[in-house]
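Engineer: Chains as they are written, first to last, in the numbering used here: chain A, 125 to 238; chain B, 2 to 114.
Mixed in with the good hints, there may be bad ones.
What the hints assert, rightly or not - Taking lysine-lysine pairs in the DSS-like style, the calculated list, with each CA pair at most 25 Å apart, reads:
no., chain 1, residue 1, chain 2, residue 2
1, B, LYS46, A, LYS207
2, B, LYS106, A, LYS207
3, B, LYS80, B, LYS93
4, A, LYS181, B, LYS80
5, A, LYS202, B, LYS3
6, A, LYS207, A, LYS166
7, B, LYS46, B, LYS80
8, B, LYS93, A, LYS166
9, B, LYS43, B, LYS80
10, B, LYS106, A, LYS181
11, B, LYS3, B, LYS46
12, B, LYS46, B, LYS106
13, B, LYS43, B, LYS106
14, B, LYS46, A, LYS181
15, B, LYS106, B, LYS80
16, A, LYS166, A, LYS202
17, A, LYS166, B, LYS43
18, B, LYS93, B, LYS46
19, A, LYS166, B, LYS3
20, A, LYS202, B, LYS43
21, B, LYS93, A, LYS207
22, A, LYS181, A, LYS202
23, A, LYS202, B, LYS80
24, A, LYS181, A, LYS166
25, B, LYS93, B, LYS3
26, A, LYS181, A, LYS207
27, A, LYS207, B, LYS80
28, B, LYS3, B, LYS80
For the record, the hints were derived by calculation from the structure and aren't laboratory data.
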Amino acid sequence: EPEVTQTPSHQVTQMGQEVILRCVPISNHLYFYWYRQILGQKVEFLVSFYNNEISEKSEIFDDQFSVERPDGSNFTLKIRSTKLEDSAMYFCASSERGSDSPLHFGNGTRLTVT
Amino acid sequence: RKEVEQDPGPFNVPEGATVAFNCTYSNSASQSFFWYRQDCRKEPKLLMSVYSSGNEDGRFTAQLNRASQYISLLIRDSKLSDSATYLCVVNKISGGGADGLTFGKGTHLIIQP
């Protein structure tokens with residue numbers, strides 16, 4: 125069964141550094157998403173991406189965050205200057221038809237900001 | 002009112018028992034509803050979509066009550082492997098599109114041998 129893959133599985137960085145989290149969505153999916161989950165809290169929506177542009181973003185997704193689809197397969201999340209509170213599990217997801225259809229999640233990148 | 006509200010539990014249930022979870026949502030325009038399960042420190046995985054007429058998948062039954070903005074999940078003949086956190090998930094607006102899904106905090110289920 126096709127799956128969403130994310131790298132790295134764990135990233136440790138110092139406060140103020142830039143990080144790039146990478147994702148390869150399922151190949152025939154058109155909608156891509158980033159979510160995050162702080163330890164012990166709920167899964168929170170960050171951003172959705174369709175047709176090579178951001179469709180929607182949450183209040184969490186401020187100017188420090190950006191997304192890109194640099195080629196036909198990768199989908200990246202960049203955090204420009206990490207803060208301690210950015211420490212979380214970041215999940216990439218993709219779907220065929222947007223939010224009417226189920227999301228398929230990658231197994232996540234655990235980001236630790238020290 | 003929280004967007005998606007669930008009883009966090011934990012629900013401690015003996016193996017073989019039937020257990021039910023409920024969820025309420027605040028956005029009356031929501032049109033898509035799902036139950037996901039999440040194991041500790043893993044990604045959410047789709048358990049089932051929830052349809053207006055109610056639907057069943059093996060031991061799992063989901064119901065939707067639009068008037069009360071209420072979703073339920075019933076698990077029959079529970080197995081040890083059903084131990085997980087069950088997430089109620091709702092989309093924000095109707096008609097698809099790339100709007101994000103809203104997750105509840107989840108209900109933690111522990112099946113005891």
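Engineer: For this structure, which hints from the list above don't hold up?
Structural biologist: When the structure is compared with the hints, numbers 1, 3, 4, 5, 21, 23, 27, 28 turn out to be violated.
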